[in-house]
Amino acid sequence: MAENNRAVVKLKETFAASIIDVVEFRGEVTVTVAKNAIIEILSFLKQSLQYNLLTDLTAVDYLGKKEERFMMVYLLYSIPNKDRLRIKTPVTEADCTIPTAIPVWKTANWLEREVFDLFGITFSGHPDLRRILMTDDWVGHPLRKDYPLQGPDREPYKGRLS
Amino acid sequence: MAATETMTLNMGPQHPSTHGVLRLVLELDGEVIVKVTPHIGFLHRGVEKLSEHRTYHQILPLTDRLDYLAPMSNNLGYILAVEKLMAVEVPDRAETIRIIMAELTRLESHLVWIACHALDIGAMTVFIYAFRERETVMEIYELISGARMTSNFFRVGGLSQDVPDEFVKKVSDFIDVMPGYLDQYEGLLTTNPIWLKRTVGNGVISAEDAIDIGLTGPALRGSGVDWDLRRDNPYSGYEKYQFKVPTGENCDTFDRYKVRLIEMREACKIVRQALDRLTPGPVLADCPQVCYPPKENVYNSIEGLIHHFKIASEGFVAPEGEVYQGVEAPKGELGFYIVSDGGNMPERLRIRPPSFVNLQAIEQMSVGSMIADLVAVIGTLDIVLGEIDR
Chain A
57 MAENNRAVVK
67 LKETFAASII
77 DVVEFRGEVT
87 VTVAKNAIIE
97 ILSFLKQSLQ
107 YNLLTDLTAV
117 DYLGKKEERF
127 MMVYLLYSIP
137 NKDRLRIKTP
147 VTEADCTIPT
157 AIPVWKTANW
167 LEREVFDLFG
177 ITFSGHPDLR
187 RILMTDDWVG
197 HPLRKDYPLQ
207 GPDREPYKGR
217 LS
Chain B
25 MAATETMTLN
35 MGPQHPSTHG
45 VLRLVLELDG
55 EVIVKVTPHI
65 GFLHRGVEKL
75 SEHRTYHQIL
85 PLTDRLDYLA
95 PMSNNLGYIL
105 AVEKLMAVEV
115 PDRAETIRII
125 MAELTRLESH
135 LVWIACHALD
145 IGAMTVFIYA
155 FRERETVMEI
165 YELISGARMT
175 SNFFRVGGLS
185 QDVPDEFVKK
195 VSDFIDVMPG
205 YLDQYEGLLT
215 TNPIWLKRTV
225 GNGVISAEDA
235 IDIGLTGPAL
245 RGSGVDWDLR
255 RDNPYSGYEK
265 YQFKVPTGEN
275 CDTFDRYKVR
285 LIEMREACKI
295 VRQALDRLTP
305 GPVLADCPQV
315 CYPPKENVYN
325 SIEGLIHHFK
335 IASEGFVAPE
345 GEVYQGVEAP
355 KGELGFYIVS
365 DGGNMPERLR
375 IRPPSFVNLQ
385 AIEQMSVGSM
395 IADLVAVIGT
405 LDIVLGEIDR
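In order, the protein sequences belong to chains A and B. Position 133 of the first sequence, counting from 1, maps to 189 under the working numbering, and the rest follow consecutively. Position 81 of the second sequence, counting from 1, maps to 105 under the working numbering, and the rest follow consecutively.
Chain A with its partners taken away, still in its complex shape (with noise of 0.2 Å):
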């Protein structure tokens, strides 16, 4: 299924080296691509492949369980062709820094700062990388895995949470 999505045809004629995955889960297709080439991918998708907004960028950590500490995630939407593409590519925590994607979407702004600030990876090229949502002074980047529920300096919660 997933090998005939119109974008995957086509990233795999045009990016065959640097596609590392394609996965199909409930309808959805990811692709996991190399860092290196990820703004090439996704200017390649918005101009040749209508995939004019960016829904959205958010990024996940997989603290001890995978090699990559950080998994970069472009949600990606077409307007002309009503269907939806995940783009993931992976960053490592020794190299936790990857190329803005402003360029190609102006949407991207906001959510690279909020990533910026609560998961600590830089934007390289980003005009205005500043916390979002955390106060200018916060130490720490709270949605990484190894950041306490409870905060910093505070007793773990001893109830039950779940």
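Simulated from the structure, these hints should not be mistaken for lab results. This structure is a prediction, so every number in the text was calculated from the model and none was measured. Wrong hints could be hidden among the right ones.
[Said to hold, decoys possible] Within a straight-line C-alpha distance of at most 25 Å, the following computed SDA-like cross-link-like pairs (lysine to any residue) qualify: (1) Lys108/B / Asn61/A; (2) Lys121/A / Glu76/B; (3) Lys138/A / Glu76/B; (4) Lys108/B / Tyr118/A.
Once you've looked at the hints, dock chain B against the given chain A.
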């Protein structure tokens, strides 16, 4: 010519027209806006972090508190994402009631929008009228869920309980009178010269720019982009309903106002169609691995009690994988992205709030206009800070 200096003015976070706790730092040349820097996060409660430590059922009450003016739309987006992950089929009656409530929620949210938007611009009467009608929707909320705002009525697999007998009459009466009330608001605003002066040509954003900055929902349709998730990627059975998707032409605040008003009329029509489709039947999927048992089983049988205890304490185990579900919430595309590692809690729950992305456009839409026009832009973007800050 003498050189002019710009002035920095702080607006909010406690300011009546910033709709909550939005702080804007304005750079002004006289009264003309040169730069707008929004500061958000005052209402950040860490919903995404908390969700990683709760079972799928326990996350549901957190979603009410995102866009607190449209709680059922948030609930709907979240449960649809979980149902997609778990591949649960929902009974027809539950789906239909969900649609009725989702559309009433749209009406409710738009009523608050028109009330506050008009009040910000100086038309106070509309505010009083719209809150009167909103009260009826609140009463329907209370009737079915016991709560006026944090309803928490939907469940993964269906509804928490069936609706009472008065429900159909109450909803039916409301949507019978609602179009007349909409005429009343239009009579107060649509041809009102002050309203026109304040909204026509205000906050213009072209369709191309709007897509580039990620606007969704009525804000995008006001710029003439004919796109609505309910029609184009139907969910929860929306494909069975006939409705128009309004679009604007001039990309300004007035067009967005018209789009939302037509949306309210269409919402009434969808509710009417849904009421006509409503037939008796179960409201919860027959899927004991995932769903709570019916309450009479819990109270009358030991198996039911054990079942309830298991689901309430351990939840259910989701397959490994990731899903995204977007719904057309009143303010735009609300999305829930769940990454499951095969446990009973999500590895990551990402909420894509429409207001957060829409608010980004504020600078583009207001630079070069007056401070008073910025107030109209905030109103027309229809933001809710609970959802922006999460």
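These are the hints, each one checked on the structure:
| no. | hint | result |
| --- | --- | --- |
| 1 | Lys108/B / Asn61/A | holds, 20 Å |
| 2 | Lys121/A / Glu76/B | holds, 15 Å |
| 3 | Lys138/A / Glu76/B | violated, 31 Å |
| 4 | Lys108/B / Tyr118/A | holds, 23 Å |
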